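Colleague: Could you slot chain B onto chain A? The hints should help.
Next come the chains, spelled out residue by residue.
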Amino acid sequence: MANSQHTAPLTPIAARVKALEAILTEKRLVDPAALDVLIDTYETKVGPRNGARVVARAWVDPAFKARLMSDGAEAVAEFGYQGRQTEDLVVVENTPKVHNLVVCTLCSCYPWGVLGLPPVWYKSAPYRSRAVMDPRGVLREFGVEVGPEVEVRVWDSTAEVRYLVLPERPAGSEAMSEEELAGLVTRDAMIGVAKVTLPQR
Amino acid sequence: MNGIHDMGGMHGMGPVAAEPNEPVFHAPWEARVLALTLAMGFHGRWNIDRGRYFRENRHPLDYLSSSYYEIWLKGLEALSVDAGFVQADELAAGRSLVPPPNDSPSALGPTESLAIVKEGSTYRRPQTSPPRFKVGDAVRVREMTVIGHTRAPRYCRRRRGVVQEVRGIFVFPDTNAALAGEKPQPLYSVRFEGIELWGAAVGPRDAVYIDLWDDYLEAAT
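Listed in order, the protein sequences are those of chains A and B.
All you need for my numbering is the position in the first sequence, starting with 1, plus 134.
All you need for my numbering is the position in the second sequence, starting with 1, plus 57.
Just chain B, with the same shape it has in the complex:
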């Protein structure tokens, strides 16, 4: 989606404000939101791409005026309703109104939860055929209007770059977020010259490297 979250190259957001000695969390509720999001993700009813889609798919005014963990909270509420874990009227009431369905999964305990975090969850998949592009190939990001989730930032669409690395085979976010299959495919690190992206506004030797999936790219000269 051409959403407000896709911020690369926007003007007017102001200077970067770093906070000295910043705490990990600014309020206890932020920590609870992080942990709730992780714990609910363990059930496997959604994936990392769907999680991102539910956070970014907000009205721009809401997105920009919400703090980071507020966006996470709103995303988790929406995911929980979407997955059938929670009813919208329960969120409105602030308490559980109906028992969980029979096929509802059970909460993981502390030990299992830590083990999952330590193990990680790779989105890398086995290679079944040779990648279409190799290091040094010129590529162009396709012109795309994706209604749902995508990880091709707007600022690189239709731009030409050169493949720097073939990262391997990875789950494709666009279909994964829609629960329409993993569609594993090659992921490339593509170098875009700054001047190709921004014209003369940036240093002549500066460059942006973007990880892009095969479906986003076409051959260029």
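Isolated chain A (complex conformation):
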């Protein structure tokens, strides 16, 4: 019995959600089968692998990068990554002189189409309160030290414009294929709290 999830009592919050779903289903306001496909979409299909492919393409294809920088939403639609919470996408590029960091201080705005749903820390009070005021301190907690010669730009997502960081391509990756490069790009690097590095040899 201890190993059976089906007989375990629901937590109060899970019971409350189940009750709401039952009420809305009984009133024919939601279709549980539609809920299932929506969950599957964001749990298994839309995620940071999307954004990683976009970044890798931008690194190897200057024409694509130009399109991406001028209209992010149009450019990621070439991959089929358009849609909810990516209707307007601005891509900000990290360089040796500028480091970009994305936050939503008011809630949790995040480019779902290219990164999926945001991690808990992105939505948390510590990140939302400090990213705009102490970006270098926050970056240090993620293990990123930004030199004094580098300007840190924090993007507070207050409107329906979503932001994606184009990280710097790591030195030594010149011979790698687009697919290999995509494998290096992490979600955190596309939020701006990490750099892209080569795997340890």
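Everything labelled a hint here was simulated from the structure, so no lab data went into it.
Check before you lean on any hint, since a few could be wrong.
[Claimed, not checked] So the derived label-pair ranges between C-beta atoms look like this:
id, chain 1, residue 1, chain 2, residue 2, range
1, A, K231, B, R181, 28 to 34 Å
2, B, P261, A, P230, 29 to 35 Å
3, B, R152, A, P143, 41 to 47 Å
4, B, V138, A, A197, 47 to 53 Å
5, B, S123, A, F198, 38 to 44 Å
6, B, R262, A, E308, 29 to 35 Å
7, A, K152, B, R182, 37 to 43 Å
8, A, K231, B, M70, 49 to 55 Å
9, A, K152, B, P261, 50 to 56 Å
10, A, V194, B, L121, 43 to 49 Å
[As the list claims (entries may be wrong)] List time: in silico EDC-like cross-link candidates among lysine to aspartate or glutamate, alpha-carbon distance up to 16 Å:
id, chain 1, residue 1, chain 2, residue 2
11, B, K175, A, D174
12, B, K240, B, D194
13, A, K257, B, E113
For clarity, every value in this text was computed on a predicted model and none was experimentally measured.
We treat Cβ as the ideally placed atom computed from N, Cα and C, and that holds for glycine.
Modeller: Only chain B this time, still in chain A's reference frame:
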């Protein structure tokens, strides 16, 4: 509203705790809340700004002690009651007690739901007149006390910045959240120097870029 959700620049929240290999959802009910919120939004009885307002308009103790998807659940319950989809006593009873009203919309199926998500819903609107400010203009965020929803964070009010981009014409959240009309207007990307916002506490060259609507801004020198 000057609510607890408006967190930029607060102290005391502690370090950022990232979870290695974090799952998309931490429990099945979180996934159901996300999907229920999306599916109920499809009916068009509220909009994204009203949804945000119903999530943020909570007692600070409740907001801070609720997990993210708990806030979404409480917001969806309140929206559903507000829109007349559900009665408060039905939430208390945990089951449907009355049939839906005759004008009640019908649930969308899986295919239609996915199509809506893929299509997205833009809040961009056509431009009808030239924007008041242009790139390079100095602006100041107005002093404001907004009772309802607003997307002008407290930390930038009365601060001076420079327009970096004109994003286009977008629905105005303050009126949209109140179901008082879209009031479309220019949206600007405004750069604020860190020192203007926080004094010497931040790097001298660091800056914050905030997307701000025309109504939030006045000309500065």
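Colleague: None of the hints should be skipped; say for each whether it holds.
Modeller: Checked hints:
1. K231(A) <-> R181(B): 28 to 34 Å: About 31 Å separates the Cβ atoms of K231(A) and R181(B), which means 28 to 34 Å holds.
2. P261(B) <-> P230(A): 29 to 35 Å: The hinted range 29 to 35 Å is violated for P261(B) and P230(A), with Cβ atoms some 18 Å apart.
3. R152(B) <-> P143(A): 41 to 47 Å: violated, 18 Å
4. V138(B) <-> A197(A): 47 to 53 Å: holds, 52 Å
5. S123(B) <-> F198(A): 38 to 44 Å: Holds, at about 42 Å.
6. R262(B) <-> E308(A): 29 to 35 Å: holds, 30 Å
7. K152(A) <-> R182(B): 37 to 43 Å: The hinted range 37 to 43 Å holds for K152(A) and R182(B), with Cβ atoms some 39 Å apart.
8. K231(A) <-> M70(B): 49 to 55 Å: violated, 30 Å
9. K152(A) <-> P261(B): 50 to 56 Å: holds, 53 Å
10. V194(A) <-> L121(B): 43 to 49 Å: holds, 45 Å
11. K175(B) <-> D174(A): Between K175(B) and D174(A) the Cα gap is close to 14 Å, so the pair holds against 16 Å.
12. K240(B) <-> D194(B): Measuring from Cα to Cα gives roughly 23 Å; hence the hint is violated.
13. K257(A) <-> E113(B): holds, 13 Å
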